[in-house]
Amino acid sequence: MELVVRNLTVARGGVPVLVGLGFRLAPGGVVMLRGPNGSGKTTLLRTLAGLQPPMDGEISLPPETIAYAAHADGLKSQLTVTENLAFWAAVHGTRDIEAALVAMNLASLRDRPAANLSAGQKRRLGLARLLVTGRPFWLLDEPTVSLDTASVALFAEAVGAHVAGGGAALIATHIDLGMEAEVFDVGPFKADPDTPAGSGAFDRDFDAAFDGAIQ
Amino acid sequence: MELVVRNLTVARGGVPVLVGLGFRLAPGGVVMLRGPNGSGKTTLLRTLAGLQPPMDGEISLPPETIAYAAHADGLKSQLTVTENLAFWAAVHGTRDIEAALVAMNLASLRDRPAANLSAGQKRRLGLARLLVTGRPFWLLDEPTVSLDTASVALFAEAVGAHVAGGGAALIATHIDLGMEAEVFDVGPFKADPDTPAGSGAFDRDFDAAFDGAIQ
Amino acid sequence: MIALLVRDLRLTFRAGGGFGLGLAFFLIVTVLVPFGVGPQSDLLARIAPGILWVGALLACLLSLDRIFQLDFEDGSLDLLATAPLPLEGVVTMKALAHWVTTGLPLTLAAPLFGGLMSLPQAGYFWVFVTLLIGTPALSMIGTFGAALTVGLKRGGLLLSLLVLPLYIPTLLFGAETARRGIMGMDYAQTLAILAGVSAGSIAILPFAAAAAIRINLR
Amino acid sequence: MIALLVRDLRLTFRAGGGFGLGLAFFLIVTVLVPFGVGPQSDLLARIAPGILWVGALLACLLSLDRIFQLDFEDGSLDLLATAPLPLEGVVTMKALAHWVTTGLPLTLAAPLFGGLMSLPQAGYFWVFVTLLIGTPALSMIGTFGAALTVGLKRGGLLLSLLVLPLYIPTLLFGAETARRGIMGMDYAQTLAILAGVSAGSIAILPFAAAAAIRINLR
Amino acid sequence: MPELGKYAGAVLSSWAVSVGLLVFLVVVTWIGARRSRAALDAAEARRRERQ
Amino acid sequence: MEDTRVRQHDDRWNWFWAWANPVKFMSWTGKVLPWLMAMTLVTLIPGLVWGFFFTPEAQGFGSSVKIIYVHVPSATMAIQAWGMMVVASLIWLIRRHHVGALAAKGAALIGLTMTAVALITGAIWGQPMWGTYWAWDPRLTAFLILFLFYIGYMALWAAIDDPDTAADLTSVLAIVGSVFAVLSRYAVNFWNQGLHQGATLSLDKEENIADVFWLPLVLSLVGFGLLCLVLVLVRTRTEVRMRRLRAIEMRERMRDA
Ligand code: HEM
Ligand SMILES: Nc1ncnc2c1ncn2[C@@H]1O[C@H](COP(=O)(O)OP(=O)(O)OP(=O)(O)O)[C@@H](O)[C@H]1O
Ligand SMILES: Nc1ncnc2c1ncn2[C@@H]1O[C@H](COP(=O)(O)OP(=O)(O)OP(=O)(O)O)[C@@H](O)[C@H]1O
Ligand SMILES: [Mg+2]
Ligand SMILES: [Mg+2]
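Residue numbers (the numbering used here), protein chains in the order written: chain A, 1 to 215; chain B, 1 to 215; chain C, 1 to 218; chain D, 1 to 218; chain E, 1 to 51; chain F, 1 to 257.
Just chain A, with the same shape it has in the complex (with noise of 0.2 Å):
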């Protein structure tokens, strides 16, 4: 139960983008990726979720186990608390969605439309829907963009919580959320423009045809 990845180059529209990556996030442990705008850290978060394949390099982890939340929530405005939960609980396999109710302190909206919910209780509803998926690894990509700084305390806390209780996260983020963390800066793993690496035969064939050209 540890995510493992080694050597990890992870690629936009083709072109590399961070390489080299390694770290390992064992459960209880919460890492947040630094990194200036561009770096990649939304790259590495949908390439680790699976949204799409690595260039290179290996993550290992036991599978369906991740839980990724980019800042849209997936929620529907015209369905209620429970509605939007229960929905997610379903496609998930898990049934009981009181627990994530009562843990996010959301027991007392349940039959409030998503539309009317203020924006930090629905950052609560979208970390209830990480807890129903049942799954212990959460990717969370910018969670705390234009919260105040009680909501980001809020989420903070609930974040705690879920990692007190096995759970493990990494979080993208700019902004310091003021809890015990490891951070991870992708900066050095930043792919080099000028050398391109990784499988993507396409421009390292032409790198070497033109540079072979000039030598």
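Among the hints, erroneous ones may be present.
In silico lysine to any residue, SDA-like type, Cα no more than 20 Å apart, as pairs [claimed, not checked]:
id	chain 1	residue 1	chain 2	residue 2
1	A	K190	E	R50
2	B	K190	A	S118
3	B	K122	F	K24
4	C	K153	F	E252
5	C	K153	F	D164
6	B	K122	B	H71
7	F	K24	E	L40
8	A	K190	F	E252
9	C	K153	B	P113
10	A	K122	A	A99
11	B	K122	B	S108
12	C	K153	C	G75
13	A	K190	E	R47
14	C	K153	B	S77
15	A	K122	A	A103
16	C	K153	D	D186
17	A	K190	A	D56
Each pair of labels, with its calculated beta carbon distance range [to be verified]:
id	chain 1	residue 1	chain 2	residue 2	range
18	E	G5	F	R95	49 to 59 Å
19	F	A18	D	L112	43 to 53 Å
20	E	S13	B	A99	51 to 61 Å
In silico contact screen, one side only, chain F against chain E (beta carbon under 8 Å); selected entries [unchecked claim]:
id	residue
21	F52
22	Q127
23	P128
24	G131
25	V234
26	R235
27	R244
I should point out that these hints are in silico values taken from the structure, not numbers from a laboratory.
Backbone N, C-alpha and C fix where the C-beta goes; we use that ideal spot for every residue, glycine too.
Guided by the hints, dock chains B, C, D, E and F with the ligands onto chain A, whose structure is given.
Just chains B, C, D, E and F with the ligands now, with coordinates in the frame of chain A:
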């Protein structure tokens, strides 16, 4: 040449959001608008920009001196940097886009389609647009959303230059931009949901009617 | 899987879900055509089955971009793709939901609207039957087209352009069968092919559509 | 103001701008109708002017949501509203750009596509002339509808529903004039009314559309 | 010029359209090729400069 | 997690696929193209000149038979181009050779133009022969549908930013579209009986004049074929360059960021 707000009430969807606001913004000044999610910062800025009528109170400023920017910059991704700027210059009846290009360090990017700019470059182009409007008062709504630290510094610098040149800026943001500025917290002006205010006659009449019926 | 179907139906029936808009568009097309071609009822009767089919097809077409676009925008599609459901199943359920909310109402309404077009007596039955058999193919082909264009900013008209040539066999056999049925000619063969087109689309296209979605999410 | 027109035209002609999609939709409607009603050329000839008009109208309709939606989404509309341009002028330029990129190509293409519908000889001229006079009204009315629905998430089909009733007079007089012209009947009156509808729309609707935008931005 | 008789219009116009479209295709292809070559050469030069 | 990336296949056909390596492709096409262009000139121009100036009138057709020298080759090429696109798309989908996808992209405009030429010349020919520019004849209808497919295919390429995504999606469209195109072709037979000539040249029944018409037709067919080949190669080269240019520009952008 001063933006003066007195006893202003702004409303969203007919419901007052901020009541009794007052402040003044003189050339050379920067005011940071603070307040939790949903407190009405966006609503206030849009009212000042003339996009919605104030519910009550007074806004006094010389005509056509306000340049408004939400985090969407009004840039067309298919047009080049020059074409984008030239359009806004033409709309505002100014001609000279060179100064703005140079000021925002965009001269070398002049023929790139906006689609090919990085997030930070786009933001700079957005600021260049503010420059070509030739208007002194900038109203900026969360201008640094999802910018990294370096881009934020660059942004702060640009605003500083504008202000040093006799402009003024009113900026709604959750984060610290690290620039010298007055902070204006909208919190104390939050409308009390139970005391209807302003000239939105609908609610007030209803409240009066129902209160009368009970007493 | 059933949960997905239930959710989609619920969303469509809730306020703002857009149920009935397809139907309204169908109504409007059938209303516009008499305005366009003039009110002679013999002429209208001759073109009625064809126009009803074309109208149903256009109404179907215009509701296609809803199939995945909303789910794509709010991130649900990403989450569904990482969920333990086969994407082929997701796609099939989406097509089914589209049919229940668009194809089926159109089929039920067509005989009704036929009155506006002076549809002959026998026509009510034949338009109904051919639409009932043909609309599932329209939904499935449309779902494939929507999967191809999911994520494109203004995919709407491009989607129409891509899907319409694919609709032609269904339209041809559907309208031809209805016409033959009305005129008492032999319809067995075209009807069988129409059913075959429907069955074939439903059997094959979920795989193509799922592949397209995987590519688009990448 | 001219800058706005130039920008809009430039955007449409650039890759991905959607120029030609309206035309493609028009082509597809005129292709589908024969598939629906059958290939008999005498029948097609009789319904041709009406169907061409309906097709042009639908193609126009489907490109309406582009008029303001993109500008609304990227914030340009807010900025235009705070710029020193009268919003009425902005709206008129938008309608003009829509006509140049949609109405005009449709008018030019209609005689061409008429061939597919076995349009009689005289029809080429009459369909062209009536569309030339009528499409400005379609663009202007459509701009008004787009202004009403700007900012709605899935406004597309709602927009169609709002605008279609407003399109009916134009369609009625346009198609009727074309039919009369083809059959050599007296067309002066309907033609005059068609021109009147166009002129009236252009004179009045910019104000209504600008008001609608102001309200929607609020 | 061959004698075309009553079909002159049809023959000449169809040949004109065909040759016209073929020339159009060739020209478009040729311009595209030249443009892409120029743009790529410039880009490769920039890339080489950096190394 | 399963590693889903596509590996280069290793089998005894590798020597063959090596030609589709973009760099190798650029080099061999660069060498072959001048020869192909020369061959195009020496077949196409004589074929067309012969067809236009030095063929007699045919019985029943009069001088309008001369249209055949542009009509039939363009119609043939329109179909060939689609076939080529489907094959190239399959190569991309199965073997992930970029040149496959780019060749398919390059062929589309050629196919579209050829379809347009066949449609227009056919329509012009139809007026004197059948008394109408257009009839819903199965073969004509099928060509119209082909025309629509080409437009949709090119529009899809244009609409997608990421080149690999675009390649994948257009390939899927080309394959599914082909199935439906065949289906439509079959469908229109039920719907309308045709006016158009059968699959054999109606002219060559009269043996003695057949050669007079047949030889220049064959020559222009070969010429059109070679022209299309040259154009496909040139356009593919352009696409390869654009693809490479895009990659370099993306890397520049990454460096700026
Ligand atoms: C828009 C109208 C037309 C279209 C789309 C069209 C299309 C085609 C196609 C697809 C072929 C087959 C080429 C091949 O299989 O390699 C063909 C061949 C031919 N067409 Fe047309 N055609 C049209 C009109 C006409 C007309 C009006 C005539 C003359 C009366 C005509 C005469 C021929 C002849 C003689 C052949 C050669 C037949 C053979 O031996 O294969 N076409 N046309
Ligand atoms: N649609 C796209 N097509 C091609 N390249 C893209 C696309 N979107 C982003 N990129 C590029 O991919 C790289 C990685 O982007 P990614 O979104 O993963 O960065 P990020 O670290 O999440 O940045 P941010 O902090 O801004 O969210 C960037 O260099 C960017 O320019
Ligand atoms: N479309 C809407 N219709 C009605 N009320 C709205 C709408 N959008 C926002 N509101 C309400 O108006 C109030 C003010 O919102 P506003 O967007 O001005 O807040 P803000 O201070 O900008 O918040 P944030 O920091 O989240 O951007 C909030 O209470 C919100 O619930
Ligand atoms: Mg990101
Ligand atoms: Mg705000």
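Going through the hints against the structure:
1. A/K190 <-> E/R50: holds (18 Å)
2. B/K190 <-> A/S118: holds (16 Å)
3. B/K122 <-> F/K24: violated (39 Å)
4. C/K153 <-> F/E252: violated (25 Å)
5. C/K153 <-> F/D164: Since the Cα atoms of C/K153 and F/D164 sit roughly 18 Å apart, the hinted pair holds (cutoff 20 Å).
6. B/K122 <-> B/H71: Holds: B/K122 and B/H71 sit about 11 Å apart, inside 20 Å.
7. F/K24 <-> E/L40: holds (17 Å)
8. A/K190 <-> F/E252: The given pair, whose Cα atoms are some 13 Å apart, holds under the 20 Å limit.
9. C/K153 <-> B/P113: holds (17 Å)
10. A/K122 <-> A/A99: holds (17 Å)
11. B/K122 <-> B/S108: Since the Cα atoms of B/K122 and B/S108 sit roughly 14 Å apart, the hinted pair holds (cutoff 20 Å).
12. C/K153 <-> C/G75: Holds, at roughly 15 Å.
13. A/K190 <-> E/R47: Holds, because 18 Å separates the two Cα atoms, which is no more than 20 Å.
14. C/K153 <-> B/S77: Holds, because 12 Å separates the two Cα atoms, which is no more than 20 Å.
15. A/K122 <-> A/A103: holds (14 Å)
16. C/K153 <-> D/D186: At roughly 48 Å apart (the allowed maximum being 20 Å), D/D186 and C/K153 break the hint.
17. A/K190 <-> A/D56: Roughly 14 Å separates the two Cα atoms, so the pair holds.
18. E/G5 <-> F/R95: 49 to 59 Å: Holds: the Cβ-Cβ distance is about 55 Å, inside 49 to 59 Å.
19. F/A18 <-> D/L112: 43 to 53 Å: Holds - the Cβ-Cβ distance for F/A18 and D/L112, about 48 Å, lies within 43 to 53 Å.
20. E/S13 <-> B/A99: 51 to 61 Å: Roughly 56 Å apart at Cβ, these two residues keep to the hinted range, so it holds.
21. F52: Since chain E brings a Cβ to about 7 Å from F/F52, closer than 8 Å, the hint holds.
22. Q127: holds (6 Å)
23. P128: holds (5 Å)
24. G131: Nearest chain E Cβ about 12 Å off; hint violated.
25. V234: Because about 5 Å separates F/V234 from the closest Cβ in chain E, which is inside the 8 Å limit, the hint holds.
26. R235: holds (6 Å)
27. R244: Status holds, d = 6 Å.
Hints 3, 4, 16, 24 from the list above are not met by this structure, while the remaining hints are.
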